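Those protein sequence lines, which keep their order, are chains A and B.
Under the working numbering, the first residue of the first sequence is numbered 4, with each subsequent residue one higher.
Under the working numbering, the first residue of the second sequence is numbered 7, with each subsequent residue one higher.
Check the hints yourself; a few may be wrong.
[Said to hold, decoys possible] Chain A regions said to be covered by chain B (calculated; three or more residues, Cβ under 8 Å):
1. 8-14
2. 86-94
3. 100-107
4. 224-236
[What the hints assert, rightly or not] Residues of chain B placed beyond 10 Å of chain A at every Cβ, according to the derived structure:
5. Val-45
6. Arg-131
7. Gly-134
8. Arg-214
9. Asp-266
10. Thr-322
[To be verified] Chain A residues, not near chain B, derived (Cβ > 12 Å throughout):
11. Ala-134
12. Asn-175
13. Ala-201
14. Ser-262
What the hints contain is simulated information worked out from the structure, not anything from laboratory work.
Quantities reported herein were computed from a predicted structural model and do not represent experimental measurements.
The beta-carbon is built from N, C-alpha and C at its ideal position, and this holds for glycine as well.
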Amino acid sequence: MTTLALHSALLTRRSVTALVRQPAFVAITLVQPAIWLLLFGALFETAVQIPGFGADGRSYLEYLTPGVVAMTALFSAAWAGTVYIEDMTLGVMDRMLASPVRRGAMMSGTIAYQSITAIVQTAVIIGIAYAAGARFDRPFPGIVLTFTAAVLLTVVFAALSNAVALLSRDQNALIGISQLLSLPLAFLSSAIMDPQLAPDWIQTAATYNPLDWAVVVSREGLAAAPDWAAIWPRLGALTALAIVMSWLATKAFAAYQRSV
Amino acid sequence: MTHRPATLVADARTDHSPWAVEARDLVKTYPVGRSKPPVRALDGLTLQVRPGEIFGLLGPNGAGKSTTVRILSTLSRPDSGAVRVAGHDVLREPAAVRHSIGLVSQKPSAAPLMTGRESLEMAARIQGLGRDAARRRTGELLDRFGLADAADRLTRTWSGGMNRKLDVAIGLVNRPAVLFLDEPTTGLDPEARAEMWAEIARMATVERTTVLLTTHYLDEADHLSDRLAIVDHGRVVAEGTPDSLKSELHGDSIVIELTDSAAGADAAQRLSRVPALVDVVHEGRTVRGRTDRGATVIPAALAALEQGGVEVASATVARPSLDDVYLRHAGRAFEAVAS
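For reference, chain A alone in the conformation it holds in the complex:
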């Protein structure tokens, strides 16, 4: 095993261990997406009957599930940087940076941990959706695409959150930025409502919104007749963005060390 992979694995395990030792936190992590799914599902149940709503014969719950998967991934990942802030408040960050641990491993360790969380949350959401009566036309490759999109979206925003943590070194700034970003991204997308029914500018915004890319990849993948022309470019864009964001965030370590 290379040093990078070993260090990533050790750091991922550290975070997972810390998570399972906080059962209350695990419960919140799992209950929150369930609440969204059932609450939005009930609230907008009749939305699919609006003329022009692109549900393609699906129930609103079936339409909504990919949206809640992506929203959950985004909202969880936006908090990723808090681990770094805690490490900075303690001496953990200093000790790590003065040890042979690779910067890339410190980044990929937290991202891998967030990805594991995203996978568990996605599984729980799909499970609850099934239990509530949702049925998907093409579980394969739809489910695989759903998990892939959730993980890629997680990488993008966990890296962004880590970079903000390293540059701001401040919990409040991190919370502020993630709040500022998360809700607009969720609503400027097809997560809970078909943008065809919204003003043009929202449709345009959704085209450039990584959260919407993830939603479309998942929803099209689960459809009876997947629109591959919609899936591939978005999947590619998500992958490219995930790589670029991780690389930039790793660069932020250098900026952090210059500032302290």
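Starting from the known structure of chain A, arrange chain B on it as the hints suggest.
Chain B alone, transformed into the frame defined by chain A:
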């Protein structure tokens, strides 16, 4: 105090300098605001640490001790100056340096939701030890620091003293050639502090590690250091063994406490005219001086003050302490600046 023969450090073979740590003319400034001049944390700091010794960096908060440790341990870069640690250039080969050092920063560095054993084992594996070697080293350090009984409890349930010991154990996990201890006993109760002192003295011998420790406790520097440097305003103002620094101040030190702090300047002026009393300085209601003849100078000093109508609360004669060394080199009393 522990005096040990200088032992060769692990990387001494590749090192052409005889020092375990060498810093030359370090300058480091921090920007504070748009229109304000930057703060000069280090202003030409130079120091040399011999392999195997415990070297104390003594000074008040803000003197530049922590900044120095951050630069020596690769965390921060100086604006200018040269640094070598364990035979490697810190600025050019930070990765090599990181393999040869241990850093115990002021803040706790073990994850509160992990057990002591887990934290140590993980640190050992990051340092490149295999699974079995990491387990052995962990067991060894837990025993050494008396943490074996608590090893499998989450460290957030540990006392401050135990957590501090774990921090030091983590710093030692890779058998570093140089161990940096930044304020190792700050925040510890007296009992835990005494234990930590014993631990530091012992580990320098057992582990053959060069120790560079920073402290703002005079007694700590006096007790632990083979050699020490007094740092003030980002520079080393005095360097040597605690004994040699103290013996540089020949004679006794005299401390006179006044009842009224407003009389300080007047009293100092009167006392500086007393024969055989030199280096008179005042701060608040305390006036200090040095003399070779404490017994005869005290009556003369008190007479001079009485003549001037200055009321005296107390007068003491003492052998010089590191406090006096500090006063001499930094130009002000230590307690006044160490908050």
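Structure-based check of all given hints:
| no. | hint | result |
| --- | --- | --- |
| 1 | 8-14 | holds (count 3) |
| 2 | 86-94 | holds (count 3) |
| 3 | 100-107 | holds (count 5) |
| 4 | 224-236 | violated (count 0) |
| 5 | Val-45 | holds, 14 Å |
| 6 | Arg-131 | violated, 6 Å |
| 7 | Gly-134 | violated, 7 Å |
| 8 | Arg-214 | holds, 20 Å |
| 9 | Asp-266 | holds, 45 Å |
| 10 | Thr-322 | holds, 41 Å |
| 11 | Ala-134 | holds, 32 Å |
| 12 | Asn-175 | holds, 20 Å |
| 13 | Ala-201 | holds, 43 Å |
| 14 | Ser-262 | violated, 9 Å |
When held up to the earlier numbered hints, the structure conflicts with 4, 6, 7, 14 and fits the remainder.
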